[in-house]
Amino acid sequence: MMALKLLWRSWRGGQLGLVFSALVMAVVVVTSVALLADRVERALVKESSHFLAADAQVRSSREMPTEWQAEAQQRGLETANVALFASMVYSGDYNHLASVKVVEPNYPLRGLLTLSDTPFSTDVAEMQQLDHGPAPGEVWVDSRLLPLLNMSLGDSLEVGEVRLRASRVIVEEPDRGGSFSLFGARVLMNWNDLAASGVIQPGSRVNYRLLLAGEDALLKDYLGWLEPQLAVHDRLLSPDEAQAGLADTLTQGRRFLLLAGSLGVVLAGIALALASRHFAEGQTSTVALLKSWGVSASRVRQLYGQQVLLLGVIGSLLGLLLGWLIHEVLIVLVRELLPVMLPTPGWRPWFTGIATGLLSLLGFALPALWHLPSLSPLAVLRRDVSLHPVGVVKRLLIGVAMVALLLLWYSQNLAMGLAVLCGLALTAATVMGPGWLLLRQLNRLGARVGSVWRLALSNLWRRRIQSLVLLAGFAGAMAILMTLVMIRTTLLEEWRWQLAEDAPNHFLVNVAPYELQGVEKLLADNDLTTVGWYAMVRGRITLIDGETPSEELIDQNEALRRELNLSWTEELPQGNAVEEGLWWPQIEGFAERYGEGVAPLSIEEDLAEEIGVTLGSRLTFSVGGLTFDGVVTSIRSLNWDTMTPNFYILFPEGYLEKFPRIFMTSLYLPPEQKAFVNDLLSQFPTVLVIELDMVIDRIRTMVSQVTHGLELMTLLILGCGVLVMLAAVKLSMSERLQESAVLRTLGSTGKRILAIQSLEFGVLGGLAGLLAASGAELALFLLQQRMFEAPFGLHWELWVVGPLVGALLVASLGVAYTRRSITQPPLQVLSNL
Amino acid sequence: MIEASSINKTVNTSAGSLCILDDINLAVAEGEALAIVGPSGSGKSTLLGILAGLDLPSSGQVKINGEDLTTMDEEGRAAIRARYVGFVFQSFHLLPSLTALENVALPLELRGDRDALVMATEYLQRVGLGERLSHYPRQLSGGEQQRVALARAFASQPKILFADEPTGNLDTATGEAINDLLFQLNAEAGTTLVLVTHEQVLANRCHRRITLQAGCIVDTETAGRVAAG
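Read top to bottom, the protein sequences are chains L and E.
Heads up: the first sequence at position 620 corresponds to 620 in my numbering, and the numbers run straight through without jumps.
Heads up: the second sequence at position 103 corresponds to 103 in my numbering, and the numbers run straight through without jumps.
Zero decoy hints are in this set.
Some chain L residues judged to face chain E by a derived CB distance under 8 Å, without partners named:
| # | residue |
| --- | --- |
| 1 | Arg9 |
| 2 | Arg12 |
| 3 | Gly13 |
| 4 | Leu289 |
| 5 | Ser292 |
| 6 | Gly294 |
| 7 | Ser296 |
| 8 | Leu378 |
| 9 | Arg382 |
Keep in mind that the hints were calculated from the coordinates and are not lab data.
The beta carbon of each residue, even a glycine, is placed where N, CA and C say it ideally should be.
My request is simple: use the sequences and hints to build the entire structure.
Next up, the structure:
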């Protein structure tokens with residue numbers, strides 16, 4: 001094939017090295033990022049599937065049709081039925097409203113149950129991990145149930161009409177997760193005992209779950225079959241939805257990975273565009289020659305089109321291979337930190353890599369070559385034949401459009417894509433305008449200083465277009481790198497803050513007023529401090545604006561089906577923000593307007609939206625049979641990451657105090673004081689302790705894995721940026737070599753030329769760093785505002801480190817290249833040009 | 001073989017319209033060798049470009065083998081060049097990333113000749129470079145590079161060969177050797193030759209010589225003393 005032959009010859013002649021490496025670079029960066037992102041994400045999803053004890057879960061307040069399970073099994077999926085309900089359990093004269101979980105023997109499908117034969121033990125050696133539930137006739141229970149029922153392991157307890165032996169205590173259940181609504185101690189029993197117990201009667205409030213696990217494709221197909229059949233009271237839970245916090249972590253991680261990847265492509269795109277222009281210049285005489293031999297324009301177009309395509313395919317394939325290797329290296333480097341085996345990647349990263357390669361060529365390389373077929377054959381005879389390459393503006397627009405397309409594709413997020421693009425465009429504008437002025441000013445300044453400076457600065461000004469292009473390349477690359485580094489640190493800081501070392505890791509709930517003093521004393525004796533006590537009253541919303549909520553609304557909203565924790569406070573709690581309406585002190589004439597006895601209330605924004613409540617809506621609450629009305633006076637947003645008690649509905653003081661109340665708090669319990677939980681529960685068995693440290697540990701592990709992956713990937717992008725700079729320097733090098741040779745012929749010493757070139761590059765790099773700092777600051781502003789919701793502050797370090805690093809980096813790269821021209825005899829340099 | 005009638009070429013410059021060729025009429029018969037001579041800037045290369053279909057006159061008509069180039073589009077002229085025309089240039093125009101053999105074979109490969117490499121080898125042997133097939137242009141002397149260019153031009157067996165100052169970049173001795181080779185190959189192939197030069201010796205070896213001055217033919221000499229080969 002002619003095109004392949006031509007391509008090979010161009011490659012052999014060294015004309016394609018830059019184009020090819022830029023292309024491969026783009027694909028490598030994207031592929032390695034995409035592969036790692038894909039696999040880490042799959043690992044996280046798998047890990048998070050432990051929260052579901054399955055890959056997906058269907059939840060319903062009603063018994064699910066048996067064919068759902070049958071169909072799933074027929075399609076090769078594993079299934080397990082689970083039913084959750086509150087039921088009184090008895091042992092002798094004692095009883096407790098337990099949270100009963102009935103499971104089929106193969107529960108859990110994902111993750112493991114941790115059990116112990118010693119109640120309240122914290123000794124890992126005494127724990128066993130099992131992948132199945134209790135045998136028929138047995139139950140596994142929370143340690144705290146034993147003192148509550150005054151029983152020991154091995155004793156029997158009654159669940160409805162069956163007697164079951166409590167054989168083990170539960171230490172950890174994979175899918176207990178963040179559900180704080182079930183207050184009773186856990187009793188885990190076998191599905192086969194359910195019917196005999198007779199506890200489920202018509203009208204019983206039961207939460208049914210169908211656990212599903214299996215290969216992604218099978219599961220996806222099945223869910224596609226199932227979803228249209230789901231009614232309003234059925235809910236499908238994927239791992240993403242299993243934990244809101246975790247889902248946020250996943251989303252932020254995914255965004256960061258894609259952002260890093262797309263910035264790498266932008267860098268490689270710049271290199272590709274520069275290298276292609278250089279290649280096109282070299283091809284002018286070849287095309288003129290071909291055309292003089294009668295090769296038609298369409299054939300020339302075909303030949304070059306095929307070459308570009310071949311280059312794209314070969315480069316992309318090599319990029320995929322190298323990307324795979326680099327991502328494997330990354331994985332090996334962080335293997336220690338990846339306790340989970342990473343699953344094999346899907347097809348998407350490969351497709352993303354190939355498409356990036358081809359699209360990059362289309363957007364960055366092809367415009368530079370576009371004019372070649374229409375070149376006049378007369379160019380073989382005359383050097384002054386004018387070329388009509390695609391205009392700079394047009395090429396710029398095509399490049400920008402391609403960058404925008406790729407950014408949008410990677411991020412699937414318009415705001416993020418636009419923010420990065422704006423940062424880039426503004427950097428370019430910041431370079432072209434002020435860069436020109438700065439160069440001119442420096443040139444004038446140079447005229448008044450020593451000859452080395454004068455020559456260096458006048459070189460910059462004389463080649464101002466080239467200087468500006470280089471400046472844009474350097475500044476753009478540096479701006480991207482600086483933005484990336486800043487985002488990485490900002491993002492990680494935010495994550496660290498979210499999961500601070502001393503973040504509360506235990507919730508104490510269900511503390512009765514008469515127990516409060518005792519619990520507080522026990523806490524004080526153990527030197528433990530809480531985030532403060534919150535009193536709460538359990539009440540149910542019965543009417544909205546005087547009307548009973550519709551059946552459908554109730555079905556869709558658990559908040560309307562159960563009792564909510566209502567609390568009161570005068571101060572707006574930490575992590576809360578009033579989004580609409582006014583906080584208590586600002587409300588005027590409320591009693592006159594709504595009458596005495598009606599309470600102002602503040603509701604959480606998502607709940608308000610779900611149940612269709614706005615400012616001024618009137619809600620009727622039932623608390624222990626007594627009702628009262630409240631009117632929505634504010635809508636709050638909540639930060640759920642603070643690990644402190646949060647309430648959907650808050651009242652001011654003076655309205656709820658008359659109702660029976662319980663207390664809750666959260667506290668940080670250091671691992672070495674874990675035994676405190678046992679002391680507390682043995683003294684106050686009705687207190688419920690929610691051990692968030694388990695959940696936090698799991699999230700922290702995942703965040704640490706992701707963080708290390710990100711750091712290494714950022715290094716890859718940094719390397720990519722340096723390569724772009726090398727490409728840019730190399731492009732201007734032939735002219736520089738020529739000048740240096742001429743100067744040497746005229747008697748300049750090598751040292752002096754070296755000094756001139758170091759200064760020239762150093763000044764250029766310094767300027768680039770300065771301009772990059774402004775571009776990065778702007779991009780950061782946009783990104784932080786739009787994406788990471790972080791407060792914006794000026795990053796002074798950019799303005800110091802930028803110019804310094806820029807000057808050093810560009811000068812050292814420049815010097816490394818120009819040394820060649822000094823060591824070679826001038827004649828050889830000139831004849832090689 | 002070539003007929004040019006009333007050829008005019010004017011270009012627009014900042015100083016106004018500039019006449020480069022003025023009412024040129026000439027015909028070149030098949031197998032004839034024509035030299036175009038004249039001082040620098042007299043329009044020699046422009047005329048060569050127009051006759052070869054690389055450029056269009058501002059007015060007038062150029063026919064190659066009876067086909068009017070001036071009524072064709074670039075694609076049409078390309079087809080004519082592919083069918084009839086070969087070139088030798090002053091600056092050789094060898095592709096630096098190709099070996100001598102590949103340079104010669106390239107036009108043959110482009111037109112789909114299966115035995116391009118065999119033919120190219122044969123022609124390189126004929127110009128005395130059989131031992132230097134795999135050398136790159138940078139490894140060859142100027143004279144050797146022009147030999148490669150000659151091999152390339154004759155390998156595609158054109159009906160007409162246009163040569164633009166073929167010895168302009170070479171020293172006298174090397175230039176003479178190249179001239180010998182050019183005329184020898186030309187005689188063997190019976191190619192029509194149009195040659196631009198300002199070397200009298202070279203012009204004298206052609207059947208006919210026209211002299212251009214300021215874009216006009218000022219002299220036509222069909223000297224019997226002109227010897228080919």
